[in-house]
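Student: Residue numbers (numbering that gives the first Met the number 0), protein chains in the order written: chain A, 0 to 450; chain B, 0 to 540.
No lab work stands behind these hints: they were computed from the structure. Where is the CB? At the ideal position from N, CA and C, for every residue including glycine. Please note: incorrect hints may appear among the correct ones.
[As the list claims (entries may be wrong)] Some but not every residue of chain A turned toward chain B, in silico, with C-beta under 10 Å:
{"hint": "1", "residue": "I99"}
{"hint": "2", "residue": "P103"}
{"hint": "3", "residue": "M104"}
{"hint": "4", "residue": "I106"}
{"hint": "5", "residue": "Q147"}
{"hint": "6", "residue": "R299"}
{"hint": "7", "residue": "R304"}
{"hint": "8", "residue": "N307"}
{"hint": "9", "residue": "P319"}
{"hint": "10", "residue": "E320"}
{"hint": "11", "residue": "L363"}
{"hint": "12", "residue": "R366"}
{"hint": "13", "residue": "D393"}
{"hint": "14", "residue": "Q427"}
[As the list claims (entries may be wrong)] List of simulated lysine to aspartate or glutamate pairs, DMTMM-like, C-alpha gap at most 20 Å:
{"hint": "15", "chain 1": "B", "residue 1": "K92", "chain 2": "A", "residue 2": "D250"}
{"hint": "16", "chain 1": "B", "residue 1": "K17", "chain 2": "A", "residue 2": "E51"}
{"hint": "17", "chain 1": "B", "residue 1": "K42", "chain 2": "A", "residue 2": "E45"}
{"hint": "18", "chain 1": "B", "residue 1": "K90", "chain 2": "B", "residue 2": "D165"}
{"hint": "19", "chain 1": "A", "residue 1": "K390", "chain 2": "B", "residue 2": "E465"}
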Amino acid sequence: MRLSEHRYKTITSIAGPLLFVQGIFSARIGEVVKILTPDERQLEGEVLEIREDTILIEVFAETRGLDIERSSIVLTDTLRTASLSPDITGRIFNGSFVPIDGLPMFIPEKKMPISGFAINPTARARPEEFIETGISVIDGLNTLVKGQKLPVFSCSGLPSKEVVAAILKNSRTMNAGTDPSGNRTKRESDGFIIVFSALGLTFRDYSYYMHILKEMGSRFVAFINMADEPAMERLLAPRFALTVAEYLAFDKGMDVLVIITDMTNYCDALREVSTAREELPGRRGYPGFMYSDLASLYERAGRIRGLNGSVTMLPVVTMPEDDITHPIPDLTGYITEGQIVLSRELHQKGIFPPVDVLPSLSRLMQRGIGEGHTRSDHRKVSNHLYKYYAKGRDLRRLEAIIGREGMSEKDRIMLDFTDAFEREFVHQGMTRRTVPETLDAGLNLLKRFSL
Amino acid sequence: MRGRITGISGPTVSVDMKGLKLYELVHVGNAMLTGEVVKLEEKRAIVQVYEDTRGLGPDEPVQGTGMPMTVKLGPGLLSGMFDGLQRPLYKLKDLSGPFIRPAQDVSALDPAGQWVFHPLRKKGDEVGRNEMIGYVEENHFQHFIACPHNSGGRLSWIADGNIRIDEPVGRLEDGSGIAVYHEWSVRVPRPYIRKFSPYEPLVTGQRAIDFLFTIAKGGTAIMPGGFGTGKTILEQSIAKFADVDIVVYAGCGERGNEMAEMIEEFEHLKDPWTGSSLMERTLLVINTSNMPVAAREASIYTAITMAEYYRDMGYHVLLLADSISRWAEALREISSSLEEMPGEEGYPTYLASRLSSFAERAGVVETYSGKIGSLSMVLSVSPPGGDFTEPVTQSCLRTTGTFLMLDTSLAHRRHFPAINWFQSYSLYRAELSGYYRENVSQKWEEVQMSCRDLLQKEEALREVVEIVGLEGIQDPDRLLLHAAEMIRTQFLNQNAYTDDAFSSLDKTLASIERILDFYKHAAERLKQGAAIDEILSGISF
Numbered sequence: 000m001r002l003s004e005h006r007y008k009t010i011t012s013i014a015g016p017l018l019f020v021q022g023i024f025s026a027r028i029g030e031v032v033k034i035l036t037p038d039e040r041q042l043e044g045e046v047l048e049i050r051e052d053t054i055l056i057e058v059f060a061e062t063r064g065l066d067i068e069r070s071s072i073v074l075t076d077t078l079r080t081a082s083l084s085p086d087i088t089g090r091i092f093n094g095s096f097v098p099i100d101g102l103p104m105f106i107p108e109k110k111m112p113i114s115g116f117a118i119n120p121t122a123r124a125r126p127e128e129f130i131e132t133g134i135s136v137i138d139g140l141n142t143l144v145k146g147q148k149l150p151v152f153s154c155s156g157l158p159s160k161e162v163v164a165a166i167l168k169n170s171r172t173m174n175a176g177t178d179p180s181g182n183r184t185k186r187e188s189d190g191f192i193i194v195f196s197a198l199g200l201t202f203r204d205y206s207y208y209m210h211i212l213k214e215m216g217s218r219f220v221a222f223i224n225m226a227d228e229p230a231m232e233r234l235l236a237p238r239f240a241l242t243v244a245e246y247l248a249f250d251k252g253m254d255v256l257v258i259i260t261d262m263t264n265y266c267d268a269l270r271e272v273s274t275a276r277e278e279l280p281g282r283r284g285y286p287g288f289m290y291s292d293l294a295s296l297y298e299r300a301g302r303i304r305g306l307n308g309s310v311t312m313l314p315v316v317t318m319p320e321d322d323i324t325h326p327i328p329d330l331t332g333y334i335t336e337g338q339i340v341l342s343r344e345l346h347q348k349g350i351f352p353p354v355d356v357l358p359s360l361s362r363l364m365q366r367g368i369g370e371g372h373t374r375s376d377h378r379k380v381s382n383h384l385y386k387y388y389a390k391g392r393d394l395r396r397l398e399a400i401i402g403r404e405g406m407s408e409k410d411r412i413m414l415d416f417t418d419a420f421e422r423e424f425v426h427q428g429m430t431r432r433t434v435p436e437t438l439d440a441g442l443n444l445l446k447r448f449s450l
Numbered sequence: 000m001r002g003r004i005t006g007i008s009g010p011t012v013s014v015d016m017k018g019l020k021l022y023e024l025v026h027v028g029n030a031m032l033t034g035e036v037v038k039l040e041e042k043r044a045i046v047q048v049y050e051d052t053r054g055l056g057p058d059e060p061v062q063g064t065g066m067p068m069t070v071k072l073g074p075g076l077l078s079g080m081f082d083g084l085q086r087p088l089y090k091l092k093d094l095s096g097p098f099i100r101p102a103q104d105v106s107a108l109d110p111a112g113q114w115v116f117h118p119l120r121k122k123g124d125e126v127g128r129n130e131m132i133g134y135v136e137e138n139h140f141q142h143f144i145a146c147p148h149n150s151g152g153r154l155s156w157i158a159d160g161n162i163r164i165d166e167p168v169g170r171l172e173d174g175s176g177i178a179v180y181h182e183w184s185v186r187v188p189r190p191y192i193r194k195f196s197p198y199e200p201l202v203t204g205q206r207a208i209d210f211l212f213t214i215a216k217g218g219t220a221i222m223p224g225g226f227g228t229g230k231t232i233l234e235q236s237i238a239k240f241a242d243v244d245i246v247v248y249a250g251c252g253e254r255g256n257e258m259a260e261m262i263e264e265f266e267h268l269k270d271p272w273t274g275s276s277l278m279e280r281t282l283l284v285i286n287t288s289n290m291p292v293a294a295r296e297a298s299i300y301t302a303i304t305m306a307e308y309y310r311d312m313g314y315h316v317l318l319l320a321d322s323i324s325r326w327a328e329a330l331r332e333i334s335s336s337l338e339e340m341p342g343e344e345g346y347p348t349y350l351a352s353r354l355s356s357f358a359e360r361a362g363v364v365e366t367y368s369g370k371i372g373s374l375s376m377v378l379s380v381s382p383p384g385g386d387f388t389e390p391v392t393q394s395c396l397r398t399t400g401t402f403l404m405l406d407t408s409l410a411h412r413r414h415f416p417a418i419n420w421f422q423s424y425s426l427y428r429a430e431l432s433g434y435y436r437e438n439v440s441q442k443w444e445e446v447q448m449s450c451r452d453l454l455q456k457e458e459a460l461r462e463v464v465e466i467v468g469l470e471g472i473q474d475p476d477r478l479l480l481h482a483a484e485m486i487r488t489q490f491l492n493q494n495a496y497t498d499d500a501f502s503s504l505d506k507t508l509a510s511i512e513r514i515l516d517f518y519k520h521a522a523e524r525l526k527q528g529a530a531i532d533e534i535l536s537g538i539s540f
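Chain B with its partners taken away, still in its complex shape:
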């Protein structure tokens, strides 16, 4: 099916063509740029082009593919780096040098890739839809290969040993093959049997998060913060240390140098949970701010679809996106070039619904293979001017479970992670308290309460001190201020560049208990008549 370009405005192109489907993938112009149909009218279709439209002219041909935009799912994705359209960046570099040129069609999976297949079923077995028939070893993971989602039956043949990625690994009695890889539309969530409430924390190694504002496996968290509040460093720390099997990191509209730094660092770091290279469990989707804006919109869907694919194998997957605001801005740019009626601050009115349906793709699920897998999400938000009343932050707040507010004033004091302990919250606290009680300590919640209490009291006292000075307050209050400062500087503050970057749950608890014990004993001594200066001079920072 072919048509002609009739108009071009920024990343959107109108085409005089009938018979296209909404969200169908099309090739635009002589250069065969990739695009997606976003609007259909009586005689024309509006296409959002994922590449630079410079040089495109009217009357150039447009070709439909009959398929939605898909990603390839199969072995060889891990350790990979892809752009927003799942093109492998390393291969692009080999093909066209250090600069990305438009319109290059490269498969995400190495077509010559060879794998060793271990069958789990044998000839003659009955296999259902989505059921796993075997696996290949991908890095140190068992990469399961399943029956397609739309067919099942009796196996007439199954491979064993060396396989190629472009050949089937099994055949059903009706003659249909079971492929090593398949394609999946990025905008369609992958199915599962049922979803559960989160019941297990996602340990990040960040004390402020694990102790005060816990994130759940299968939960969602957002971290909004103005520039310089350390969003990216925190995202990357979580990517390094989180106790999940697989990490999918989407660098969405952010800095190229940061990605370069991360790539280099991840290649050398070890996964603290397994000891193997960090890159082995990581998959990167990178669409930096100067790469085409429409591909930025697609990039988070590309990332989550790959994340869901590994979840379906029964793994705990964490999706990190930095930053979701850039995605929303891409949505706004596209919306405005479609001349849609804008909602708040120029964002399209469907911003909130798109965001919430995206966030709902997280969760702990029972997969079709009968395994339990989870997909958790940590999204950073970049509110303009550091103003949290803007639509993206507000829409995220309505759908996500943990809110980590990054505070500019803390960042200026070089308090990192700059998580504000009054404004942030976690809705998973109640659901996970049982886990902490049973697996870490009975006292977990009690200690947590004392810690919050101390910080709360400090805030009130601080206002008094501003007026009367430190000398003007009572000794017990001075002690309290001192203890709160210890919590801030020794517990909540965590340097991402030292050994302290990761703290286990036990270590976290021990560390806060030490401070609280000191406070308790010092208060006791104060009551017995010891001088405050003597108590405070006895400890050193």
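If we strip away everything but chain A, and leave its shape as in the complex, we get:
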């Protein structure tokens, strides 16, 4: 505990988002630092490294205008925390947790460190309750369950924004309950909330999302970092979002869906810090610790035995050069429980959402579907659709070589099914389909082609 505030004016060098300060003996790793610029601006940073009396500070703001002679820093003796209160719902903040919706900051009920703590694996409950997203290709074939982390892999130019918006608008969870006549049913849960974290958002996207959020009332919390705001804030915003999500889930018993878009911007910010530190770059210049760092975010999704709430995560990753083996989607895929892959080809065909079923996968789906969860025939319908569609896609390649005429009657039917599956089942526009509607659509399709 430091009793007096001391201003250090001993900055020795500034490199990108990093400051080196000398003559400090009492800093702690992760301690929040205030930086005062010559023109009286106040920036925030964090102690990243300590070497004898020199500390390295990562600045979560634009470092332009800082100088060595007149800028000073103040150690605050605190680790970074997030203020938490039930009043947080319906609010919009920037990447540094400052309200940007014109309302004053709420009065916190408690504060928690934003780096969080790892969930004890023995305390985790197995994810097995599904979340209805209203999108057939997700609900039917790649079901999302509470506590799962399921990324959307997109490419530049694809409507990931619209897919996210559709999920924002249409997602709901079901709780077991009873209907008026005493039968066991599923009713829509009211403790469902979305925590939305946007990283590096362009103004166009911002106004689009704002429009969607306004329609949602208070069923959300948003952290918005714009494209022209400091890149370093992108390292903070998802941690604020997840700390809030954990609080709402495990303190308040809500089912929280965390949407982070776009993780590619997060990783680029991470790379910026790493190269400024002159660390040895890993693949494509991304730091070697990126797996652990991404895991420290993604692994915060989950359910806890004996507690009601859940944290489910739906990060959006834009794959650079449409390359799924790029380090960002690759490391993400190694941590998350499956992936939803958007396809350029389907998008060009005018199909929305353009989800490519074949590389998409929800690892936790098996536990969340069927009797008592969705519908007893869910697994069968889903397996059949997948099998025939995969076969049809194989046949399409053959068709490209030998032509439709050279194919057997059976194969031609399969090709027609494949087209119809894309046009009718995958494609649904912005309308919402319930799980029974989705499954019936699939069943009808199978029936029509007598499969």
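Using the hints provided, position chain B relative to the given structure of chain A.
Tutor: Here is chain B on its own, set in the frame of chain A:
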């Protein structure tokens, strides 16, 4: 011995302290975080800290323990779940709730644990080093308790009946006690008398492995595969069905939800070989990807040391690690914070030697108690981008015996286990062929050859079909394609969620013979003039 922190960078801390030993365990900072000395310089030591260093500051005290990092070995480990530092996760949960807080020192063995001791020797007997003097019942295993590795002599007293874990069970005439448990440095392989070549297969119940790419008891196997190729499901299937006595599963830098699923499943499943609960033979070391990275590096050593301890009692032990790539990445992170000169792709240059000395801890051995025990290893590898030319896969390939290549394209077709049958291999084939001939069937190798042959021919034909279409090829070739498809879909493909998840060696052989017989007869009929469509329509999938 005390010192002060002078610098902190990620998980590494430098300390101005002399007199520390390399790999000595130290307590770092006011919070007493656990760390290990990894580098010594003239005036300072570099410590790798096994917990989150957030909040740590310079000038905080550091204390040496004079001991290397050890694990406690004694009754009560089985059915346990530990983190990378062998802290029992259930007890941590009771102490600090659902989230893991740093710096909690909890013993792996229940200090109040009571056991019933059955002596094998009596007062006045001469006992040698590492010799077993009795056992306690742990689950349905005889957990042998041995004389320490550094003392032996005549027994002046030996316990019988109820014992406590913190009291000795025997005493030698020189006055030294024989403890129920002892500590062992995780980085030192436990000794044995001699090692043998593997001579017995490790039956996994997976047809593709048991039939084509066999794993040996005392052997090592790796399974590299991109994400979504079913590494974890395969590892867990093997953990469930392998014909070994004890399974040590190291979840190294993987998903928490997967571990939760596994824990719940294992608690309810039965061991197919003994009928008792699967958890009774299982021991889990769990360090998920968001737990501290240095502890992830230590976790596989913690796991293997416990595995060796049970091997020394004469049991067949299987160590599964998922995934060794995460361990290598932890090694890389630590290496880079030590500012070492990197080798390929940023991995330290000692990656290959560390991996090979780790893999060499597997084997069939004669233990000091005169028993035969084995330690087998199945390691999954997660190559970035699914690219097998990367250093971890390549280093593993040089030291391990079975290579099970998991194929993304097979996984996309939902062919599981997605083991590629052209690229995978087993170096134990020759050593184990005798076993299969004598214990399963004389025809084992012959059938194996026909099966490989068929799959090989299919591959060549497939290229032709891509160009000319199915209608453009000869009838015998169509039949061959059909038979190969049967092998793929009915034999190699195995659903981990149904009764088919486990297949005994006899069942495996019968199943492939059935397909090959069909092919032989159909080919015969074709020669006699039967129409191909008629033959193919006669069978149903």
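Student: Each hint should be assessed against the structure and marked as holding or not.
Tutor: Status of the hints after comparison with the structure:
1. I99: Hint violated; I99 of chain A Cβ to chain B Cβ min 28 Å, cut 10 Å.
2. P103: violated, 30 Å
3. M104: violated, 25 Å
4. I106: Constraint on I106 of chain A not satisfied, violated at 25 Å.
5. Q147: holds, 7 Å
6. R299: holds, 7 Å
7. R304: holds, 8 Å
8. N307: Violated - the Cβ of N307 of chain A stays beyond 10 Å from chain B, reaching only about 13 Å at its closest.
9. P319: Violated - the Cβ of P319 of chain A stays beyond 10 Å from chain B, reaching only about 13 Å at its closest.
10. E320: violated, 13 Å
11. L363: holds, 7 Å
12. R366: holds, 7 Å
13. D393: Where the cut-off is 10 Å and the nearest Cβ of chain B is about 8 Å from D393 of chain A, the hint holds.
14. Q427: Nearest chain B Cβ about 24 Å off; hint violated.
15. B:K92 x A:D250: Within the cut-off at roughly 17 Å; holds.
16. B:K17 x A:E51: Given pair K17 of chain B, E51 of chain A holds - Cα atoms ~17 Å apart, limit 20 Å.
17. B:K42 x A:E45: violated, 29 Å
18. B:K90 x B:D165: Holds, because 18 Å separates the two Cα atoms, which is no more than 20 Å.
19. A:K390 x B:E465: holds, 15 Å
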